[in-house]
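Listed here are the chains, written in short residue letters.
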Amino acid sequence: MSKKDFELTWKEIPVGSIIHEPGNASEYQTGDWRSQMPVLDKEKCVKCGICFRFCPEPCIVKDDEGYYVADLFYCKGCGICAYECPKDAITIVKEEH
Amino acid sequence: MAKRVGAEGSFAVAEAVRLADTDVVAAYPITPQTHIVERLSEMVADGDLNANFIYVESEHSAMSASLGSAAVGARTFTATAGQGLELMHEVLYLASSMRLPIVMAVSNRALSGPLNVWGDHSDVMATRECGWIQYFAENAQEAFDLNLCAFKIAEHKDVLFPVMVHMDGFHVSHVVEPYLLPDKEEIEGFLPPFNYPSPLDPNKPVSMGAFAPPAVYSECRKAQDVAINGTIGTIQEVWDEFAKLLGRQYSPIETYKTEDADTILVSIGSFNQMAAVAVDKMREAGKKVGLVRIRLWRPFPLEIFREAVKSAKNIVTFDRSMTYGGTAGPLCAEVKSAMYGTEAAPRITGFMGGLGGRDMSPKQFEAIFGRAQEIFDKKLDIQYETIGVRE
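So the sequences go chain by chain: A and B.
Mapping of the first sequence onto the numbering used here: residues 1 to 97, in sequence order.
Mapping of the second sequence onto the numbering used here: residues 1001 to 1391, in sequence order.
Chain B on its own, in the form it takes in the complex (with noise of 0.2 Å):
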């Protein structure tokens, strides 16, 4: 029987990953993920989570040791934020490349400098190529749920790839919200035994992370582009098993009121809770406006997206990072790579802002709106603006 908990988005994705009966942690803290490690280090501790916990010197050393123990087809997990992303920035590309299925929960962080420990998606933001799949959640029950089926996806035999569940630092890591929480009958069966094709195993050896020369490079390359793309519909149908036991509906793209929207919102994470409340003052006032909320990124579901824009002549996307010499932010740049070519061709403009955790009100999302309608009808040629930055 579920029990309804108020806890921290951190302390939720612990329990998932209590849940899980992940094998391994190996982890090292940062603000503002540093309580999902220090409970789940307490639940070993108190025996009520059976792994092995490794304290590592570095995030450099926790994904290290996340593939040698995925490798060997221990149930993995690790989480950071901001810089200790950065800091494991080249292993993350030998774990997607690997296929090694580890589960990492990602409290988005600002990067320095300046130093910041608060919110924003510059750290999610430059992972983008590294070839894991990443996906968002809102809200504390979201990280729960999400992080579960991390582990099923990652380790499914159709994905075999690691997979980083987002969750916006501080607004999501660290207030404390009413979640559903299942008990361990209740989720009896979701999760098979983590079962890896071909382990590391004397018995049967295998070499692993080996040398590609440029003869075969480009090879091993297509392989794992074709094969990450390939994922979206077995992410789908996790998500709908998961529905299914526990009534909540995850999609890669969910939409809010975009029916007949001639100017949709696309933008990713917490924020988007503020963004719905002003599509609804909006619409009370007769504006046909709608949010698109991405919560798959990668692999990017462009025609599930495509779809959910497919009435709106503006759109208008919100990123909360920064791309610096860039033509526009990195969601803008891939909303207009993904509309590029299309017989709509929306006019599309970027906003940036909530940066090093600034707050976002629901008053700055219509500012967003109305300024989006008058780029519009003044055909004004704005690739991005800033919104909340002091003048």
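Next comes chain A alone, as it looks inside the complex (with noise of 0.2 Å):
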């Protein structure tokens, strides 16, 4: 696990900014951003994935049992996802920080 870029010293900067680790956004938390997060209703959902297509981080993840549900480590709440559902499965709720 890399260091933080609030951690790095000016020494440690690679040449370049190059980063060596490929694919190490994913380290990198975006949750934090939001302030409103998606809510699935398991009951309405068809299980069609229009929500994972669209979403543009993309964080929808198929869960075991075939729902899509946003990975909220990444999700920063814009809300795509709850406008493109053909079944209204999804809302969208403010979040308390």
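Keep in mind that the hints were calculated from the coordinates and are not lab data.
Careful, some of the hints might be misleading.
[What the hints assert, rightly or not] Rough simulated footprint, nothing fancy, chain A against chain B, three-plus residues with beta-carbon under 8 Å:
hint, region
1, 1096-1107
2, 1191-1205
3, 1222-1229
[Said to hold, decoys possible] Examples of chain B residues toward chain A, derived with CB under 8 Å:
hint, residue
4, ASP1158
5, LEU1160
6, MET1208
7, ALA1215
8, VAL1216
For each residue, glycine too, the CB sits at the ideal point set by N, CA and C.
Two chains, two separate frames, one set of hints: put the complex together.
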């Protein structure tokens, strides 16, 4: 697990600010950016996967039962999944931090 | 065996790019650099240069394509001038911050408006902050030598910065001069194959040009600043190696009759040759004047510069560009900044001229020395003056 960005000293920056660990964006939490989050009603969900395809992160993942659920570590709360859901199974809920 | 060839500075540059066995040329034409890229295009078509010539749609694309090319470890060259250098402006910062060794020849040209295709330094001075290594050629021989050296400097493991080799538009790019063109055998071994430490490679993936939030951007920038200031030693080493090979020595600051000079003119580019003639005339008349030629502009060789001007109580700078609304021309401001706080504390005055292709004669440089003496003797509070502008 590499150092967080705010921990690096200028001497530790690789030449050209090149990142040598491919895909390390997966360690970067963006979930704390949001002020609202998607909540799935499994009664209404038909597992069509449209929300999964539209998520811009993309952070929607299929769970063991086949339902598509947003990974809250990354979810920025944009609400596109709720907008696109054909069954209105997703509700956007304001979050208090 | 070197051939004595008569050619424009532009063609000398093309020869250097060819002898360097460049891999990629991504370029767009603009006066007065067009002859460089046209000649390179012909060389590629005739099979004299085994390179991929990318005919891009603008200078912005030329530099963008060059980033990609250098990123995969290909020896990369482009050329531009004036408005073209401005059009690629935002991409210049990426080349340097991403530490991509690209060599770019710039035929220094005036910036519009009004539209002017002739030589001056306004295009160079607009790129002071971009983080490239920048140095100047004053004639065709220097244009050849310094472009060839540029590849070795840029690609050196202790450098890894893009390099701009400047030459005055028309005065150097288009004037036919004799120069010595070495053959491939003579420069054998001077330029090792390009070996970028971490190129884009599917077998060893890296990410280039990622984003850096406020928490880390400053550290990235300090690392870059420290690195570029640390390249002066390597630049001199490469020039020394070149001198051993072909007998022509280059230095970050070159002095002419400065040892006991009371008044020193600091200047950049091919007009230095006129200034040197003026220094000779004035020395004959018993005036203790000298000339400091800035060869390496970025990183600015501060200690070497201070050493070069140490005898002078009166320094005059000659800018071939203006700073509209600034306190002094770009070179003048740099020199003032370099000398501020030193024990010598010389008087420093700026002169601006030679704009948009306006020629300067040795007599005009003598006039600058004369006016500099007047300003010094009368203790006139003058920041800068123009020379050669009709009143």
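Hints versus structure:
no., hint, result
1, 1096-1107, "holds (count 4)"
2, 1191-1205, "holds (count 3)"
3, 1222-1229, "holds (count 4)"
4, ASP1158, "violated, 11 Å"
5, LEU1160, "holds, 6 Å"
6, MET1208, "holds, 6 Å"
7, ALA1215, "holds, 4 Å"
8, VAL1216, "holds, 4 Å"
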